[in-house]
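Given these sequences and hints, build the entire structure.
Here's the letter readout for the chains.
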Amino acid sequence: MNAGKVITGSAPWRGTAWAMGKLGLSGRTLVIAIPMLWLLVFFLAPFFVLGRISLAEAIIARPPYTPLFERGPDGSLEIIASLENYRFLLTDALYRNAYLSSIRIAAVSTIFALLIGYPMAYFIARAPEPRRSLLLLLVILPFWTSFLLRVYAWMGFLRSNGVINNMLMGMGVIDQPLVMMQTDFAVYIGIVYTYLPFMILPLYANLTKLDGALLEAASDLGASPMVTFFTVTLPLSLPGIVAGSMLVFIPAIGEYVIPALLGGPDTLMIGRVLWDEFFGSRDWPVASAVAIVMLVLVVAPIMWLQSVQNRRGTE
Amino acid sequence: MPDPAIAADTKPWRKPDAVPFISVQGLIKRFDDFTAVSDVDLDIYKGELFCLLGESGCGKSTLLRMLAGFETPTEGRILIDGEDMARVPPDRRPTNMMFQSYALFPHMSVEKNVAYGLLREGLPKREAYARAGEMLKMVKLEKLARRKPDQLSGGQRQRVALARALVKRPKLLLLDEPLGALDKKLREETQFELIRIQESLGVTFIVVTHDQDEAMTLATRIGVMKDGIIKQIGEPAEIYERPNSRFVSDFIGTVNLFEGKVDAVAPDLMRIETAELGPVLLPPQPGLTRGQQVWGAVRPERFALSRRKPDSAHNVWRGVIEDLGYIGHMTQYRIRLENGRLIRASQSNRLRDEDPISWDEPVWISVQPAAFRVLTE
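Chains E and H, in that order, are what the protein sequence lines are. Counting from 1 along the first sequence, just add 7 to a position and that's the residue number in the numbering used here. Counting from 1 along the second sequence, just add 7 to a position and that's the residue number in the numbering used here.
Think of the hints as simulated: they come from the structure by calculation, not from any bench. Beta carbons are placed, not taken as given, at the ideal position from N, Cα and C, and that holds for glycine.
Computed cross-link-like contacts, DSS-like style, restricted to lysine-lysine with a CA-CA straight-line distance of at most 30 Å: (1) H:K155 <-> E:K216; (2) H:K119 <-> E:K216; (3) H:K22 <-> H:K178.
Beta-carbon label-pair distances, calculated as ranges: (4) E:S231 <-> H:S108: 21 to 27 Å; (5) H:E195 <-> E:S231: 35 to 41 Å; (6) H:S108 <-> E:P308: 33 to 39 Å; (7) H:S108 <-> E:V115: 37 to 43 Å; (8) H:E195 <-> E:P308: 53 to 59 Å; (9) E:L37 <-> H:I334: 54 to 60 Å.
Written out as structure tokens, the structure reads:
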């Protein structure tokens with residue numbers, strides 16, 4: 008209390024407050040302004056650039072798209088913008104399939120990450136204190152090496168003459184190497200492996216808060232451990248499940264590196280299409296349209312979930 | 008003197024051949040190198056409201072949790088209605104527990120919380136909710152059935168927890184500090200409410216508490232615990248009037264203890280020689296030998312205070328009122344004796360006193376030998 012009084016009472020602070028008051032600013036606005044500015048410069052501005060390119064037409068020039076304004080024959084300023092690229096996305100089956108396939112791969116990966124991550128998070132949350140920190144450290148440990156290196160390591164595991172095939176053949180379980188590389192299976196493994204910590208950490212944060220007395224109460228009232236889990240633990244960990252699933256699902260939709268390295272030629276994901284459009288076909292306008300649609304696809308479910316949670320919170 | 012037959016009916020523990028409803032035999036619980044409960048034997052009878060009283064860490068909660076099945080005894084047996092509970096998991100025991108934190112399910116409405124146990128029994132939904140509704144009526148919460156626990160006050164949550172624990176009609180209800188989270192006024196009201204519910208349902212209650220007033224008000228019998236051992240079991244009056252140790256006498260109520268050695272024993276009187284007060288007359292106690300160390304324990308309200316020297320020749324001392332606290336119905340005194348010893352006495356203000364004894368006044372205090380309780384440990 009006293010410390011605050013000293014600061015707010017000091018001359019420089021009073022001067023600043025007075026100046027800010029003149030500009031219609033309060034300390035609170037100033038604090039919020041910093042992240043707002045960050046979002047404006049690094050998110051909103053690129054987004055508008057992308058949106059603007061998506062309305063242009065590809066030309067062979069530098070930059071490789073038509074300008075937004077052009078002088079007409081009579082010298083007037085014309086705006087050149089069309090939704091042609093978006094129409095093209097709808098008509099060409101490639102893009103539709105790529106979107107659907109991305110969503111499917113991301114969804115399936117999220118489900119598997121949840122099925123694997125939930126028991127791990129639960130186990131860590133229930134572990135006694137010194138061991139809990141260690142287990143948590145082990146979950147985060149992979150982040151200390153490069154993501155790319157870890158994906159390459161999986162290639163070493165999954166190759167025809169990789170670790171898994173060699174082991175299985177050595178044990179005589181199979182006599183032909185399993186084809187695992189360049190399949191959707193490999194992509195699933197890659198995504199689930201990479202994003203598992205993002206599932207575990209929010210779930211862990213949620214499950215450590217779970218009051219053990221609630222589980223005892225359920226058991227005391229006649230619920231078997233299984234019933235207790237489904238009637239108490241699971242519903243109470245729903246916010247953790249939602250948060251974890253979002254953290255896996257959203258980056259997985261736009262994932263490029265994993266399908267590029269582990270996936271086969273027929274593993275269709277929007278991240279690869281995007282890359283091909285930008286750097287293969289050099290069709291920046293279509294690529295931008297692809298990116299904008301992906302953004303909308305990702306943002307829509309988040310906003311919906313947010314509104315649901317807000318409504319539940321105020322209820 | 009009450010009719011012994013009636014007394015034995017409402018107080019089965021007085022009957023030598025009564026069969027206990029809950030029987031705890033040689034119960035021990037060790038956590039690594041710490042013994043929370045050491046060798047407890049306890050018989051509790053049907054319809055009792057038994058209080059386990061002790062300071063935090065005395066093992067009373069551990070004992071309760073072993074009855075509920077949350078802790079496995081290291082040694083010993085628990086029988087409930089004749090059935091050994093050793094292999095019965097908590098969800099199959101005929102017990103329910105009211106948790107200190109209430110442990111209400113935050114994602115369920117009041118009604119769902121109360122019906123939870125009935126639904127686990129496989130009762131049809133309609134019947135379960137009907138019975139939950141009745142129980143809520145009993146605790147006067149039927150209007151709040153649709154609320155979530157975080158929309159209730161502390162007292163309301165306490166009643167939901169009680170309703171939820173009682174709705175299954177358990178053979179034994181375990182209550183862990185049931186009134187601990189309530190403020191004083193509400194706690195006193197709720198004590199009698201709890202007794203009313205317990206008597207109307209006839210369920211056997213075991214209540215864990217650290218609050219001696221609560222235990223005295225609620226209990227048919229009290230078990231005073233210390234360091235994992237039950238030091239004394241008895242009816243509230245028995246515990247107060249005839250404590251068996253210095254610990255119990257000091258833990259329940261206020262006590263003045265006088266240490267001394269047995270000097271002379273007559274058939275109806277005993278004299279001890281104390282360093283502080285000289286010779287003190289006490290009621291005789293069988294089995295004491297001359298020279299044995301004993302303590303005389305006397306409650307503050309047993310002293311008589313007067314300005315004039317009393318007629319009695321024994322157990323009379325002179326002192327000065329060092330401090331007094333007027334509470335209304337009674338006054339508490341701290342009296343410094345001539346040898347420096349402090350005595351705590353109290354007098355009930357039955358008559359309006361126009362000239363009460365006041366600070367720094369010299370007074371005589373005296374006490375009847377029969378008012379003493381002789382303790383050997």
